[in-house]
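Novice: Assemble the whole structure, with the sequences as input and the hints as a guide.
Protein chains in written order, with our numbering: chain A, 1 to 159; chain B, 1001 to 1750.
You can trust all of the hints, since none of them are fake.
Listed next, the stretches of chain A that the computed footprint assigns to chain B, with coverage defined by at least 3 CB atoms under 8 angstroms from CB atoms of chain B:
1. 17 to 23
2. 44 to 51
3. 68 to 80
4. 131 to 143
Each computed DSSO-like pair below joins lysine-lysine, with the alpha-carbon atoms no more than 30 angstroms apart:
5. B:K1212 with A:K70
6. B:K1207 with A:K116
7. B:K1063 with B:K1201
Among the chain A residues that face chain B by a calculated CB cut under 8 angstroms, a handful are:
8. C98
9. H102
10. S103
Worth flagging that the hints you see were computed from the coordinates, not collected in a lab.
Positions of the beta carbon are idealized from the N, C-alpha and C atoms, including for glycine.
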Amino acid sequence: MAKITLNINKKEYPMEADPQMPLLWAIRDLAGLKGTKYGCGVAQCGACVVHLDGEAVRSCVTKVSRAAGKQVVTIEGLSETNSHPAQLAWQEIDVPQCGYCHSGQIMSAAVLLREKPDPTDQDIDDAMAGNICRCGTYLRIRKAIHLAADMQKKTTTKG
Amino acid sequence: MNNDKTALDRRSFLKASLISGGGLMLSVSWLSSFKAADKTETLNLPDQWAQLNGYILITADNKVKLICPNPEFGQNVMTSLPMIVAEELDVDWKNVTVEMGPHDEVKLGPQFTGGSNSMKMYWKPLREAGAAARQMLREAAAQTWNVPVGEVTTKAGILSHSNGKSAKYGDMASKAASVPVPKEFQLKAPKDFTIVRHSKKNVEAQKIVSGKPVFGLDYSVDGMLIAMIQHPPAFGMKLKSFDAAETLKMPGIKDVFTLKLYEDGFEQGGFDTRTFNELLVVVGKSTWEVMNARKKLIANWEAAGDLKNTIGGRNGKTEVTVPGTIESTRTQLQQMQEYAAKPAQLLRKDVDPEAAFTNAAQVIERTYNGPFLAHNCMEPMNFFAHVTDEKALLVGPLQAPGWIEPTLAKLLNLPADKIEIQMTRMGGGFGRRAYGHYLSEAALISRKVKAPVKLMYTREDDMTYGIYRPMYTATYRAALDANKNLIAFHVKGGGIPEHPIHANRFPAGAVDHYLAEGWQIPSNITIGAFRAPRSNFNAAAEQSFLDEVAEAAGKDPIEFRLELLKRAKEKPVGKNNEYDADRYAGVLELVRDKSNWNKAGNEKYNRGVAAYFCHNSYAAHVVDMVTRDGQPYVERVFSAIDCGIVINPDAATNMVQGAVVDGIGNSFYGALTHKDGVPQQSNFHNYRMIRIHEAPKSIDVHFVQNDLDPTGLGEPPFPPVFGAVANALYKMKGRRFYNQPFKEEVEKVI
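Specialist: Set out below in structure tokens:
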């Protein structure tokens, strides 16, 4: 066990944790933030995607020690008022069915939207292929990412 | 508007009583004729809510809260069921909030999510609940204004009279609660609907996209421990001995013990299926600690031998022996071939099929196989339990609380009213969460460790535990006369451990001579509901077979089916035909028209069509396949659905699109195989799931427009996808695909 302080969503979380512990369980069990989901534990489904210094990582296979001293952003901290374009577009397109995978989907989409502000369907398929949606909402995910890109452009233009 | 005569019959089930803080509670106890009213608890809600009945609460400031009776697993009932109440109550949807109800079947009805039943089951009761409450509000206004009730009108939560008086529902809510329950009330005509048939967004969407803890795995209380079960590595095995010394040394670990789920002779209900009876349990402080420590267990396993299950039922108990055979997919396939050659149980026979086959000009015979399928809900099985000597609280993802409650009562020796079950949002269900063994396990573990416990399955636990779609096979035979008319049809289907045959479904009723037979092989591999398990196999096999028969008859596959359906309508053969031939034909015609079937402009596609009826709704798909990177890819799909009135069109479209994607994924990739009893797939690295780049570019969904009472969409759009994919593959590859998953067959061809 080691003393580790995680910075999650710009807040400090001091904790005692096995350095080998996946970041996922530190976030869920020790910081008590339940938005990041467990789906497979082996980096196959993407339900656990968070941002580590701005990069999308699978928190289920990222050791907590790797996150120390870095900025962790989870779905709860993606925007202050749940107003990230992806969050808004997801609601506008009414994407979720069961909803379980969508924290991870949105966190993956947010990085895509930053890197490629005007993604093609191919870009979306490439960037989102690591996120499984068992309910099969993939068509709406594509549509929502395009809408989020449009929303983002408008915000940027205004700003 | 229609006067609802049924309301008169139901009046005795509406029960009025005082609630604390003033006001009257009206419970829609419409199940009371089936079940003793043994629950008296009321919802724990603020006093200022005037509770008009089990579903409706209205505040003085005109906010409306509607209670959703059925658990939500992505079929969107938390939105669509309250829409029905809101429609008849006549409120502004913007003022409505929705809350998941507690488990209280006296007040909230059967509360079962599954079998595409929610809409069918709740349509009328929820309309009546809304309409009765609206009538009571009008009565309260009439009394206040001293005018006849017939002159009080409503619109979007406002009561009005032609003399200029008007009031919000909130103003009259308390008074309405003291109005006698109406003897008769009016339901809206479908043409007057302003909420139903108008798309409303998922009421929980904001919570989902912001990561609120709405799922079972997210539920937590202070002092809660985490439990995991080490189940045997293979079906047909059991624990022989274990050494937990190393596990107990690991940080955070509280206890390691074994637990017997059911004592010998325990009378199981129909959904008490469990794969392993003796549980090796690790309990500790946190998920990672327990996960890690469990790996240190030294467990020895041995053959379990035959297992005796006592299954309860209406006609008393039956003893069922589950063979202890250690099975492999290879031996299962061999065994299925042996059984298929033997005589089977007769399920239906019309006229003289044997003679018709003997005299036929041409006989086509084909055999189809489908593997076990794992549900792979994104949220693995889990449940919270806190059991004491006096009571039990259980919280988590579950499709059918009413089925597990009696089991828990027996296992815990507690009266049913001391067992509280709360249903969280489910991260998928697909039938898997109708089997509540994981609640029983959680409850017994909590009682043993005397603490609140969250039982959690890892993905590997979840995938290798069992309760799969059964492994199926079916041999179809068709007899054609010299004019290539279909004169006889024979299906003989079997499975491990149940057969897939629905003997009274199409083409039964449409063919002169018909024979359906079934056989089954007992197995220790447990099975269960899986988005219409039998139907999704049948729709692959039968719809693929009909495609082949149509071709042999020299007919277009849609026209061929329509001719058979015309026959079934005009001169049906036999009795008990389950389907409505007109509605079946309706979806085929709609999908034909919307997809421009046989019209120019679709030359680049290999087109496959299939239609199926199950769970009270009708679905047809045209699948347009292309070759992409050397692989078959379903680029475009047209879907036609008849589920009666579509409550929430955009959400219904989402359901159908999802079912299409799921169908493509499972038909191409889905398979759970065994070697020496050990499941050969354990996580998503070797159980392939469809991903976004494999999903079609478009899925164009059309609903048949009619005013029939609504039926569900969870199952019906799923099965025919398999058949349509098989038929498109034939167009692409020039050979038929008889074995799921198709991907393996495609690779053999390549």
